[in-house]
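Start from the sequences and build out the full structure, keeping to the hints where you can.
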Amino acid sequence: MPELPEVEVVRRGLADHVVGRCVQRAEITGPRVARRHVAGAEDLAARLQGTVVTGAARRGKYLWLVLDGDEALIIHLGMSGQMLVEPAEAPREKHLHALFVFADDGPQLRFVDQRTFGGLALSPLADDGIPEAVRHIAPDPFEASYDQRAVIRRMKRRESAVKRALLDQSLVSGIGNIYADEALWRAKVHGERLCSALTKPTLGRILGHATEVMAEALNQGGTSFDALYVNVNGASGYFDRSLHAYGRAGTPCDRCGSLMRREHFMNRSSYSCPACQPRPRTRRPR
DNA sequence: CTTTTCTCCTGTATGC
DNA sequence: TGCATACAGGAGAAAA
87 MPELPEVEVV RRGLADHVVG RCVQRAEITG PRVARRHVAG AEDLAARLQG TVVTGAARRG
147 KYLWLVLDGD EALIIHLGMS GQMLVEPAEA PREKHLHALF VFADDGPQLR FVDQRTFGGL
207 ALSPLADDGI PEAVRHIAPD PFEASYDQRA VIRRMKRRES AVKRALLDQS LVSGIGNIYA
267 DEALWRAKVH GERLCSALTK PTLGRILGHA TEVMAEALNQ GGTSFDALYV NVNGASGYFD
327 RSLHAYGRAG TPCDRCGSLM RREHFMNRSS YSCPACQPRP RTRRPR
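FYI, my numbering numbers position 96 of the first sequence as 182, with every residue one higher than the one before it.
Some hints here could point you the wrong way.
[As the list claims (entries may be wrong)] Subject to a maximum C-alpha distance of 25 Å in a straight line, what follows is the list of computed DSS-like cross-link-like pairs (lysine-lysine):
1) K286 with K242
2) K274 with K242
3) K286 with K274
Hints are computed from structural coordinates only; laboratory data are not their basis.
Keep in mind it's a predicted model, so treat the numbers as computed, not measured.
This is the structure:
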């Protein structure tokens, strides 16, 4: 599942293979992929025609192509989205939702998404380089504007579980279920403990571990890049052997040997060590 | 305002 | 073999 490191790998691929090229024609297939583009799929395709891609940027899990320097094509990969750079004669993928043909003779850019949680939209770029449609997302830990002390202050005031806060993209962006579990394992904290019950140094350690584990994943994901295939499988394909918590239910904790457990939280799975990460004593009110 | 739940989607795995 | 069900989960709308 694409979280920040995987999305960054895709961004780098787009920077290498798409920036500097002029869109001759765009096909948007079906309304769902353009559901965040209020004017609709046809409007999106029409407005992409003739634009020049001048940059590829990212905040958290949001990715965008800068068009002619003043507009952004927002790309969200959702759960299963892929950006593929392929020759025109490559067969159409079953779940192909968007196709970009460039004015040069180079390869096409395709958006393929099995579960269609992802999508494309055009959004004006603000002065700070962030598209309007991404403004509600907080900076991710690798941005210059990221202020960890401010994030800690906001977290400390929250009465919700710390894992919920880690997954809240308006607090800090880029962290998904996998890296949240990894950060909590490294920090030896159970995800259902309340933010307000943790000390600021502990909250800082958790955020630091989240940043660290994403940086490590990015280092490994970056090596997997294939010139003609902008990969989205960084976590599942390359970093998974480095995971200590996610998907490890029933296997020994890499730190203490206790058998890792799986619990359900926020309609998804959470993995943790019962010895290193004890549940909070007082059950949260429902 | 804050916090939580629901919903969107389809391929894969599992159980009866 | 076939059918039903669980699961994967990001993010925004809706509800509390």
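Structure versus earlier hints, numbers of those that do not hold, lowest first: none
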